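Asker: Chains as they are written, first to last, in full-length UniProt numbering: chain U, 1 to 236; chain C, 1 to 473.
Please note: incorrect hints may appear among the correct ones.
Lysine-lysine pairs mimicking DSBU-like chemistry, simulated, CA-CA at most 30 Å apart [unchecked claim]:
(1) C/K28 / U/K174
(2) U/K174 / C/K92
(3) U/K174 / C/K27
Derived, one-sided and incomplete: chain C residues facing chain U with beta-carbon distance under 10 Å [stated by the list, open to error]:
(4) L17
(5) Q61
(6) S107
(7) V260
Rather than coming from a laboratory, the hints here were simulated on the basis of the structure. Because the structure is a prediction, the values reported are computed rather than measured. C-beta: ideal position from N, C-alpha, C; glycine also.
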Amino acid sequence: MIAALAFYLFASILIASAVMVVTSRNPVHSVLYLILAFFNAAALFLIAGAEFLAMILVIVYVGAVAVLFLFVVMMLDVDFVQLREGFQRYAPIGAIIGGILFLELLFVLGTWQFAADAAELRLSPTPAGVSNTKALGRIIYTDYIFLFQAAGLILLVAMIGAIVLTLRDKHHSKRQNIAVQVARTSELTMAQPALGEGIRREDILRPLPPPSKAPKPVAHHGHGHDDDHGHGGGHH
Amino acid sequence: MNWTLALPELVLSVCGLAILVFGVIPKKDTSLACTMAVIAAFVGTGVLILSQQKGTAFGGQYVADDFSAFMKLLALAAAAFSLLLALDWNEKEKLNRFEFPILVLFSTVGMMVMISANDLMSLYLGLELLSLPLYVLAAFDRDNPRSAEAGLKYFILGSLASGMMLYGSSLVYGFAGTTNFDRLADALSAEAGVTAGVIVGIVFVIAALAFKLAAVPFHMWTPDVYEGAPTTVTAFFASAPKVATVALLVRVLTDPFGEVVSQWQQIVVLTAILSMLLGAFAAIGQKNVKRLMAYSSIGHVGFILMGLAVGGEAGLRGVVVYLAIYIAMNIGAFAVLVAMRRNGRAVEAVDDLAGLGRTDPAMALAMAIFMFSMAGIPPLAGFFAKIYVLLPAIEQGFWTMAVIGVLSSVVSAYYYLRIVKVMYFDAPVAGFDVRPAGVSVVLAGTGLFTLFFFLFPAMLLDAARHAVAAIIG
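Just need the whole structure built from these sequences, with the hints factored in.
Answerer: Okay, structure coming up:
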């Protein structure tokens, strides 16, 4: 009884939010409704006893895909007015194609037959002690481990390829040099600059002056050694 | 489970991962060290293959037999030779990034998975693992618009072929009920198992593989991609992937679909005839050596498919022998192409070879050997390759195909001999830059093999017989 109620609750919210995805004017709202739809679909999976699929739906679709959508919608300035241009002109063609697809669906449903033993098979219990997470794991990591690893290599190659084709190594890009950072001494230097001059030479990054004109500092105060360790940008 | 059978693939992949890490970490250029490490990994994998047990593993998804061992060794050798050619060329063209050998390595892993595929799923994953690095390699010279165009073109058409492959596989699976090759053979051996859906699926699978092989109705991408891609990449394209695809086609057509030979034989015959004709006629007008080699490779694929169409022990042995000799000739010819560099700039027109007989007699002699051999002139290796394909075709009564094969071979002799003529009888232009050591090594190896094959044919023929016996028996 409660399960049935929960089902109708989640299903109706799912359908309502799906409708809102399509109809809402603001694309950001569309994506947010999409996330709501994913959550409700996950709840429906839970009711059906497919806890693994429910978790995957939340983790993969809500966690990654929907956030990606959100980023794309918010970062790319898509001009929706321009997209809707020519709607009147293309509507008939779209309607014709949609009608054909609808007719095909009708034909398929009209000739649909259930296999004779489908009803019994549907009711056959899942083996005791095997959750569906475990069953999926057996298939992926035991029966099809070879194919799974090959697919992993394909994804790795795709990643290498993307880097090879797009990464441009800039010579003046600033990188974190962990060894130098760790080797820095932590001694504190108190500077006492003259009023109005500001701190000129402590570990503060500022652009290097032209090398030829750089005046040599006459004397050093405070530091025992005059090489600036740490940031290469500091100058004397 | 018996996973140790796949040890060569596993070791090569792990080597690839290790070399990737090794190449990323140091700040300085590691491309030379990475290339050497990858070649060493290829050699090690070859040794593992030689000592490999035979059988099926991973629930019938993977098979290791004499055929797969032979083809894998051939693919590894081709990949190693193309890397050797790439060493100097990539450095001069500023393409010496360490990802190059690593992409070649993963592509080779894909080839080995394909060659050992015993299931439509491992077939598809192997094919993708082979193709994806190839798309990247074609566009490797990313600041050159021609290279980028080649990569994009290859990628779009290649994904179309992958789509056809998947569609065909799903049809076969839907109508036959299994993706495993052994069980497919069982299902198709019964009269009731051969339905229209299965046959449509088989046709789609053949079309997708013919696309990867650049056989004629699906060859359109070849000349542009071969011309646009960096020459070292083209050398790789024209050798190792062909081995894997031919091996796969042979296995698919004789093993699971061997029972329905009458359904696919006409398709392969037609493809073979068209490929031989196009390879012969379209190359005549080419001014660019790389384009010429592209059409030449289409013609050679036609001959290989002729052996496949004839089938049987003799026909398949012809396929294996032709493939091995073609790889040797092709790598050798591409070694010359890689050495074509004048004043530091790579040149690739046929006319740039003018007078090579006087400026670099050794390289001109090697190129002449390869060209005569490709034209099928005795006693060079290419002649024997053609004879081992043509004889079974005549014995089995495929007269039309055999006659067209001989005639197209005569026509193609025109453009092969034209290169020889340009090298020896045209007025010399300035000589090429000093040829790099890697090119000399490859030239010497493949040249000696092509020249003296007729003295020791038994080794290759024996190996080919064992390989074919494994797949037929």
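Asker: Hints first: check each against the structure and report whether it holds.
Answerer: How the hints compare with the structure:
no.	hint	result
1	C/K28 / U/K174	holds (17 Å)
2	U/K174 / C/K92	holds (29 Å)
3	U/K174 / C/K27	holds (14 Å)
4	L17	holds (8 Å)
5	Q61	holds (5 Å)
6	S107	holds (8 Å)
7	V260	violated (26 Å)
Of the numbered hints listed earlier, the single one contradicted by the structure is hint 7.
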